[in-house]
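S.K.: What follows is the residue order along each chain.
2 protein chains.
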Amino acid sequence: MDVSFISELKSIVGEEHTLADKESLACYGYDSTPEYESRPGAVVLPANEEEICRIMARCHAAGVPVTPRGSGTNLSGGSLGRPEGVVVQTSRLNSIVEIDEENLTATVQPGVVTSALHRAVEAKGLFYPPDPGSMNISTIGGNVAENAGGLRGLKYGVTADYVMGLHTALPDGSLLRTGGKAVKDVAGYNLNQLLVSSEGTLGLFTEVTVKLIPKPQAKKTMLVHFPVLENAALAVSHIVAARVIPATLEFMDRVTVKCIEDYAKVGLPLDVEAVLLIEVDGHPAQVEEDAVAVRRICAEHHCSSFQTAADADEALKLATARRVALSSLARVKPTTILEDATVPRSCIAPMVKFIQDTARKYNLTIGTFGHAGDGNLHPTCLTDERDKDEIARAHKAFEEIFDTALAMGGTITGEHGVGLSKKKYLPRLVGESGIRVMQGIKQAFDPTGILNPGKVF
Amino acid sequence: MDVSFISELKSIVGEEHTLADKESLACYGYDSTPEYESRPGAVVLPANEEEICRIMARCHAAGVPVTPRGSGTNLSGGSLGRPEGVVVQTSRLNSIVEIDEENLTATVQPGVVTSALHRAVEAKGLFYPPDPGSMNISTIGGNVAENAGGLRGLKYGVTADYVMGLHTALPDGSLLRTGGKAVKDVAGYNLNQLLVSSEGTLGLFTEVTVKLIPKPQAKKTMLVHFPVLENAALAVSHIVAARVIPATLEFMDRVTVKCIEDYAKVGLPLDVEAVLLIEVDGHPAQVEEDAVAVRRICAEHHCSSFQTAADADEALKLATARRVALSSLARVKPTTILEDATVPRSCIAPMVKFIQDTARKYNLTIGTFGHAGDGNLHPTCLTDERDKDEIARAHKAFEEIFDTALAMGGTITGEHGVGLSKKKYLPRLVGESGIRVMQGIKQAFDPTGILNPGKVF
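One line per chain: the protein sequences are H and C, in this order.
Under this note's numbering, the letters of the first sequence match residues 151 to 607, in that order.
Under this note's numbering, the letters of the second sequence match residues 151 to 607, in that order.
So that you can see chain H by itself, here it is in the shape it has in the complex:
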């Protein structure tokens, strides 16, 4: 990148917050997504909204691409910059600006880590439900850009359901303020919700106001083993059809369970085909009744073991099994391709079976876990990117998995975004008119195309 342009960046954010040396840029050459690498021209770490707007205006004038980056946990290559472009790293904007107990809102800067927000609001008896797997490192700005989900999505929804207000720096450096603390607002198009999940292609968030809810009074955590996979999947459908909405209804298959046990030694049995982690929460009386219903339905589907956590420590231990699923799988082989094909909840059983059949067909190791209550599965292929043949088979397998998800009325990504890695599938989902309209929207926000170019489309 041109030295004089780097000097201009330094004049905006300061010398020490502008990275352009080889070693620093190497660190920003990848994110959590396997198989993608791209070293940016420079990285800036702005201190505030005003600096972000100035960076945008400068890059816009010079035609320099800008890629926002939180913690790079998106899993779709979304935070990789261009060699000729600038990465805007939001980690210095990490203040919780306000927790408003009367309006039940929190206003935060984009670089606040998700679990830090959890802790801050829970200390006041409030609750911010979205809890992506990466919540201990992911940022709220990234969560909003990707519309992050998590383990509590079934009952509480996803990040989009909590975004009330945004400050967004547009490519020309102007600041767009949308929504706020009023819980209802239908004035004009819903730009808030359009910006959520826009993957850094429409604007760069400088402040986020989220909705909070009262913290549930009670919770019960259950871990259930099933010798027959279809029965676990049927139990998921039947729990929801019985009008019980658990906060968490997570699934792990045999491959995943074995890897978790090898790594974390939490005492999972190795002879089961599936494990469900189920958490019900709310009023204590409701929790008791829901837990009884869950136990009855799991028994009807021939579970071989049903553990209920006696206390918070044990609950944490049971939940840990699911929380470490990705890390456990990731250590087995050098490359971990984690996908998030999503189907209507009623299709969980055939979808899991199709994934397993496909793994066999292509001679691959695929562990599947995920948010079964949401129909949001994470088939995870354990592979090695140096093994070109296996990688080619993995891509074929995922292509079939995505096409099957679409045929079932599902989608190509439930929570990780399109980014670079799923661009080729998007037209299959949204069709020609969908792509045309989305390109028009991109044009409306970013006429010169400097924002996170190459992503989504």
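Which copy is meant is left open, so a pair is good if it fits within one copy or across any two.
The calculated DSSO-like cross-link candidates involving lysine-lysine, where the alpha carbons are at most 27 Å apart (straight line), are: (1) K305 with K361; (2) K415 with K369; (3) K365 with K305; (4) K305 with K369; (5) K370 with K305; (6) K408 with K483; (7) K574 with K538; (8) K305 with K274; (9) K467 with K369; (10) K467 with K415; (11) K546 with K408.
Hint data in this document are derived by calculation from the structure and do not stem from the laboratory.
Given chain H's structure and the hints, the job is docking chain C onto it.
M.R.: Leaving out everything else, chain C in the frame of chain H:
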């Protein structure tokens, strides 16, 4: 309208479903919004999605404006067509296509009446929460186009929170399918949520899939009188700050209470400054506890009477007081200007006071009622459009009310839409960049501007 074009419309939807005679068109010359009239060139009542797409394609080719219309209850002039244009009336598309008990979704045609959907899903133990005041005549298509709210918004949110999938006829006659039964979907921009509240300016809905939830097991309805207005408003804030989230938390001021009593004779006292209708629902144990907390907080704020409905019939009677508020006000004078200025919940007290002061300042009768828990108030001016001087004063008063709502961090419309009647205020809320981006979005969907022209911007 050109006779040959009307013939073309007849060839698509049939002779008996094409209205072009003077009497029929007169009926479509107004909607529920006072002070606006515009007689369309023709009205068509298509039978299905395919006919809608064909109408759109034909109008697009001929450059003829198209305005969709459900029941015309939007209150912002949104469903008024152009003299040179066609109104597409959706009342024949009134089938509930499917209630999916496993995925907890309902798929309906746009002309289904909101309360008909309520009854159909409640018969299966399910619940579709959005309940706009007009629910006995309003349609789901209109609810989606306006993002209708209702009396249960505080706990359950608004229409947008329940829209999972849409079929939308675009101006060129192509059909856009977005979302579906998968509860998570982040593939590309969130067109679903962009289309919700787009007020018929981006596309015409031909099918809607909504999320359902289990029907709450229990409900308790309370009606509370307050001699001091500020105390009622403070009680609202304090109930929510105490982590109690009622399903319904509605406010009526003295003017409204008097009109309701004159009309419906439900036994409301005439010597109070404010009445709150409060409903808590959920698990019976939760309902009991919430009701106790509500009663305590209302007592702390010096309520003069606290009634709890003994049974469902009495609950209905108490709730009726609020449900008939608009009809009660509307019969007092020939013209009823109902607005929906919305503020953060914590600003309810100063906002109600400002409205009353403004009414006095301009010598107007303004009754205020609305969704206090949402900060969504309906100041309702009882006037006569033939009294030019009073109408001018009413407009001045509302201008001040909107500006004050904005200054408090609120918005110009919480649930009625911008339509024709609030166009002038939109730039004050969203700013120059907001308008520019919205115009770009309009351009992306409707490059020739045939869809509901003149609305929103």
